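Undergrad: Single-letter residue listing:
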Amino acid sequence: MTAHDPDAARMLRVRDGDESAFRELVERHHRAVINTIYRATGDAAEAEDLAQRVFIQIYRSAHRYEPTSRFTTWMFTIVHNLIRNEYRRRNRHPTDSLEALAALPDLHTDLHANDPAREVALNELQQRIADAIESLPANQRMAVILARYEGLSYDEIARVLHCSVSAVKSLLHRARETLKTQLHPYL
Amino acid sequence: MNRNPQPPPDWENDQPLWDLLGRAREIEPSIGFTERTLRRLHSEPVATPQLARWLWRWALAGGLAIVALMASVGYRHTHARQQAALYAAVQQTDYPEDFDVIAALHWIEGEHTP
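Residue numbers (numbering that gives the first Met the number 0), protein chains in the order written: chain A, 0 to 186; chain B, 0 to 113.
Derived by calculation from the structure, the hints in this document are not laboratory data. Careful: at least some of the hints might be erroneous.
Quick list of the computed label-pair ranges, beta carbon to beta carbon [as the list claims (entries may be wrong)]:
| no. | chain 1 | residue 1 | chain 2 | residue 2 | range |
| --- | --- | --- | --- | --- | --- |
| 1 | A | Asn80 | B | Trp57 | 16 to 26 Å |
| 2 | A | Arg27 | B | Leu63 | 46 to 56 Å |
| 3 | B | His76 | A | Ser163 | 56 to 66 Å |
| 4 | A | Asn80 | B | Gln5 | 21 to 31 Å |
Over the 10 Å line for every Cβ pair with chain A, so calculated as not near, a few chain B residues [unchecked claim]:
| no. | residue |
| --- | --- |
| 5 | Thr33 |
| 6 | Trp53 |
| 7 | Ala60 |
| 8 | Val66 |
| 9 | Leu68 |
| 10 | Ala70 |
| 11 | His76 |
| 12 | Thr77 |
| 13 | Gln81 |
| 14 | Gln82 |
| 15 | Ala87 |
| 16 | Ala88 |
| 17 | Val89 |
| 18 | Val100 |
| 19 | Ala103 |
| 20 | Leu104 |
Part of the chain B face toward chain A, derived, beta carbon under 10 Å [as the list claims (entries may be wrong)]:
| no. | residue |
| --- | --- |
| 21 | Pro6 |
| 22 | Asp13 |
| 23 | Phe32 |
| 24 | Leu50 |
All values reported here derive from a predicted model rather than from experimental measurement. Glycine included, every Cβ here is placed at the ideal spot set by N, Cα and C.
Sequences are here, hints too, so could you generate the full structure?
TA: Next comes the structure, spelled out in structure tokens:
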């Protein structure tokens, strides 16, 4: 696996105590991790904090790492577990939820739009997409995010979500139906 | 990582949805994320493993349960001992036998009065 996956080789170096390899992994994957968390939680303010926790956990779990699958599959398993814990924590302490902050304008958002009307329309569209994804049950949401934005195969998604490939297909089928209904005006 | 992956085969009828989802907002990581992560890695103490935390909680709960049980057993034991002592004291008290009462009936009924 390491021969085909340079990140797995980096992770083995991290396991041997090479911190520069860990730095390379953070540099290569932090955008994907931050955006996966943001899309799953709808919480831009907390996405970076949770992403840091993901990478710290990766570093501290390095001694247990075995390159049996792609590094990203292992990484997204950690992301998924952390997000699941975060949902549980929020359910126990609803006042801790920062979802309200997610509704605020995001200073980091790259809109690539100079025309104010276009910017407003794009913002609205992006909000509707985010709302539609957020309305999905947790496992459907994660399956959609990993398939659509991270390009994971169904087999890899099944490993991340600890379920079968046919279960992944079912999750994605139901998610598609819901998303088509919710985003119908834009299709 | 492929930022704009191709749809899997079973999405082929939903290409417009796939494309629409691709327009979702993406947040830009803040500058210095890697440095901050490394600093946090070295400054944060290693968290107690989940198993150890659970063991600690169960040990605490078990300890409290044992203390409560011992208090309950101690109370019952003391109470039983007091009851036994009281019973023994009652047994030792010199009460008149029935025939003494029968013999003294005339006195009780007022025959002793002049």
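Undergrad: Now look at each hint and say whether the structure bears it out.
TA: Now for the hints, and whether the structure bears them out:
Range check, Asn80/A to Trp57/B: about 22 Å between beta-carbon atoms, so the 16 to 26 Å window is met. Separation of Arg27/A from Leu63/B is about 49 Å and conforms to the stated range, judged on CB atoms against 46 to 56 Å. One distance hint, 56 to 66 Å for the beta-carbon pair His76/B and Ser163/A, holds here, with the actual separation near 59 Å. A C-beta distance of roughly 28 Å is found between Asn80/A and Gln5/B, which places it inside the suggested range of 21 to 31 Å.
With a cut of 10 Å on Cβ distances, Thr33/B falls inside the contact zone with chain A, its closest approach being about 5 Å. Annotated as non-interface, Trp53/B keeps its C-beta farther than 10 Å from every C-beta of chain A; the closest such distance is 14 Å. Listed as a non-interface residue, Ala60/B keeps its Cβ farther than 10 Å from every Cβ of chain A; the least gap is roughly 19 Å. Separation of Val66/B from chain A is adequate, the least Cβ-Cβ distance of about 28 Å exceeding the 10 Å criterion.
Every beta carbon of chain A lies more than 10 Å from that of Leu68/B, the smallest distance being close to 30 Å; the non-interface claim holds. For Ala70/B, the shortest C-beta to C-beta distance to chain A comes to about 32 Å, beyond the 10 Å cut-off, and the non-interface label holds. His76/B, annotated as away from the interface, keeps every beta carbon of chain A farther than 10 Å; the closest lies near 42 Å. Annotated as non-interface, Thr77/B keeps its C-beta farther than 10 Å from every C-beta of chain A; the closest such distance is 42 Å.
Gln81/B, annotated as away from the interface, keeps every beta carbon of chain A farther than 10 Å; the closest lies near 47 Å. Every CB of chain A is more than 10 Å from the CB of Gln82/B (nearest about 48 Å), matching its label as outside the interface. Non-interface status of Ala87/B relative to chain A is upheld: no Cβ of that chain comes within 10 Å, the nearest being about 57 Å off. Distance to chain A confirms Ala88/B as a non-interface residue, since its nearest Cβ pair spans about 58 Å, more than 10 Å.
At roughly 58 Å, the least C-beta separation between Val89/B and chain A is larger than 10 Å, which holds for a residue marked as non-interface. For Val100/B, the non-interface assignment is confirmed: its Cβ lies about 74 Å from the closest Cβ of chain A, beyond the 10 Å cut-off. Even its closest Cβ contact with chain A, about 78 Å, leaves Ala103/B beyond 10 Å, as expected for a residue assigned away from the interface. Separation of Leu104/B from chain A is adequate, the least Cβ-Cβ distance of about 79 Å exceeding the 10 Å criterion.
With 10 Å as the threshold, the beta carbon of Pro6/B comes within range of chain A, its nearest partner Cβ sitting at about 8 Å, so the hint holds. Hint on Asp13/B holds. Least Cβ distance to chain A is approximately 6 Å, under the 10 Å limit. Restraint check, Phe32/B versus chain A: the minimum CB separation of about 5 Å is within 10 Å; hint holds. About 14 Å separates the beta-carbon of Leu50/B from the nearest beta-carbon of chain A, more than 10 Å, and the hint is not met.
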